[in-house]
Structures are given as structure tokens and as C-alpha cells.
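Participant: Spelled out from the first residue to the last, the chains are:
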Amino acid sequence: MPNRPSGFRNPWLQLGVSVVCVFVSELLLKRGATEVAAPDHALSWTGINGLASPLVWWAILLIIASFITWLYVLRYIPLSLAYPLSRVVDILVPLGCWIFLGELISTLRWCGIALVILGLALMAQPVAKMEERL
Amino acid sequence: MTFLAFVFILVSLVTFVAAQLVLKRAMEFSTTHSMRNSYFISRIALGVFLMTISFFLTLGLLQRFDLSYLYPFQGLSVIFITVLAAVVLKEKVSVRLTIGALLITAGIVLVSLS
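Residue numbers (the working numbering), protein chains in the order written: chain X, 1 to 134; chain W, 1 to 114.
So that you can see chain X by itself, here it is in the shape it has in the complex (with noise of 0.2 Å):
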């Protein structure tokens, strides 16, 4: 990792940051869809109704700042790392649902959620090493 920069540039954070956008926007997208849902529109299937929702624009505006911060998060954190790290927004996403759309998790999917933890507590060690080599 060449010379990491501190403080808000800190690519952890920025990937924490990255991974926040992408979680947010998913909220957005499901309500801003749903809002100005209209099956019957000739253009329906194309998703493309959907820009009619201020909700959908403000979650382009995140996918376009989570694109960014991932590409400055690859510039200093080794791909094999950063990637299943990111990952953990397909947790973030049902407990999301859950807590903001009362959405249901069924067993098999907080078995799935702890799965994920796991994994990502396992990915702890070889994240403090790469800091060690700093």
C-alpha cells in the first residue's frame, strides 16, 4: 500500500464510505421504484418510469460516489481484500429491508447473515497484517 494517506482520505474509511452509498442507494431505489411503480406503462420492463422518483436520482448520485470511492479504495487496498469486504452491503441490504421496510428474514437468511459475519471476521487478521507492513 503506497504511502496511505490519513484522516477522511483513509482508504478503509473510503471503502466504509463506498460500501454506505451502495447500501443507501438499494433503500432509495426500492422506494423510489415502488412510488411511482406504473406495471402498465408501455416502458415499464425498462425500469426507465423510474426516474420520475427524486428518490431514484438521489441513488444515481450515490452509485455514481460509490463508484468513485471504489476506485480510490483500489488504488490502495489489494483487490483480493477489498472486494469480499465490500460484500458485506448483501447483509446490509436484507437487514435494511428489515429495519426500514419491514421486510421479513426468514431463519435460513440470518444463517446466511452469520455466514457472512464469519467471513468477514476471518478477513480481520490478514486486514491487520497488511496495516503492519505500512
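None of these hints come from the bench; they were simulated from the model. In this text, all values refer to a predicted model and were calculated from it rather than measured experimentally. For each residue, glycine too, the CB sits at the ideal point set by N, CA and C. Treat the hints loosely; a few may be bogus.
[What the hints assert, rightly or not] Per the computed footprint, the stretches of chain X lying under chain W, defined by three or more beta-carbons under 8 Å from a beta-carbon of chain W, are:
1) 90 to 100
2) 118 to 126
[Claimed, not checked] One-sided excerpt, in silico: chain W residues whose CB lies under 7 Å from chain X:
3) Ile81
4) Thr82
5) Gly100
6) Ala101
7) Leu110
Guided by the hints, dock chain W onto chain X, whose structure is given.
Facilitator: Positioned in the frame of chain X, the structure of chain W alone reads:
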């Protein structure tokens, strides 16, 4: 699942993984070179292009299959990217990191199956 659908799923996965590898290479290059460099710009453009192909293929697949059916394939990207980062980018991948990546993949598959 038809053979054609399988091909589309495979291509969308391969283009996504390839995009990540290309973008990583480009960003690594940018640490030692200027960003106003034709090599850097062409690689970023290639990465974005590959991601766009993957995005539209996924969109097309989503119109024909359930998200819960398609998502486990996306979970596989964790394994592919970890392995290819080790092989292509010569990153050091420890046993612990590999097991972590496998657990995350298994978790994603379970979450999408439920």
C-alpha cells in the same frame, strides 16, 4: 435454465470480474504515473465499458429470472475475484483470507436462497 441463459449469466459474471481486475490495474498504475495518461484513461474506459455490459446483461436476465435465482451467481464473484487477484495481480492471498471469502460466498448464496 436454457443453455443461452447460462451463457448470459456466465458472460455477465466474467465481464464484471474482468472489469474489477482492469480497474485495479489502472488504479495501481495511477499511484506511480499521472492520471492524464492514455494507458490509464483507456483502462478506466475499458473497466467502465465491461461493467456496463455486465449491468445490461444482468438487467435483461432480471426480466426473465427471479433475483433470488440470479444472486447466488453474483456471490460467486467473491471467489473468482479472490482467486484471480492472486493469479493475475499476484496478490498474496492467505489461507485465512480464502476461507473468509468462501464463507462470505456461502453466506450470500444462503441469503439469496431464503
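Participant: Each hint: holds or not?
Facilitator: Hints, verified against the model:
1. Counting residues of the stretch 90 to 100 of chain X whose C-beta sits closer than 8 Å to any C-beta of chain W gives 3, which meets the bar of three, so the coverage hint holds.
2. Here's how the stretch 118 to 126 of chain X fares: 8 of its residues keep a CB closer than 8 Å to some CB of chain W, so the rule of at least three is met and the hint holds.
3. With its C-beta approaching chain X no nearer than about 5 Å, W:Ile81 sits inside the 7 Å limit, and its interface hint holds.
4. Hint status for W:Thr82 relative to chain X: holds, with the closest Cβ pair at about 5 Å, below 7 Å.
5. The restraint placing W:Gly100 at the interface with chain X holds, with a minimum CB-CB distance near 4 Å, inside the 7 Å limit.
6. Below 7 Å, beta-carbon pairs count as interface contacts, and W:Ala101 has one with chain X at about 5 Å; its hint therefore holds.
7. The criterion of a C-beta within 7 Å of any C-beta in chain X is met by W:Leu110, whose closest approach is roughly 3 Å, and the hint holds.
In this structure, every one of the numbered hints holds.
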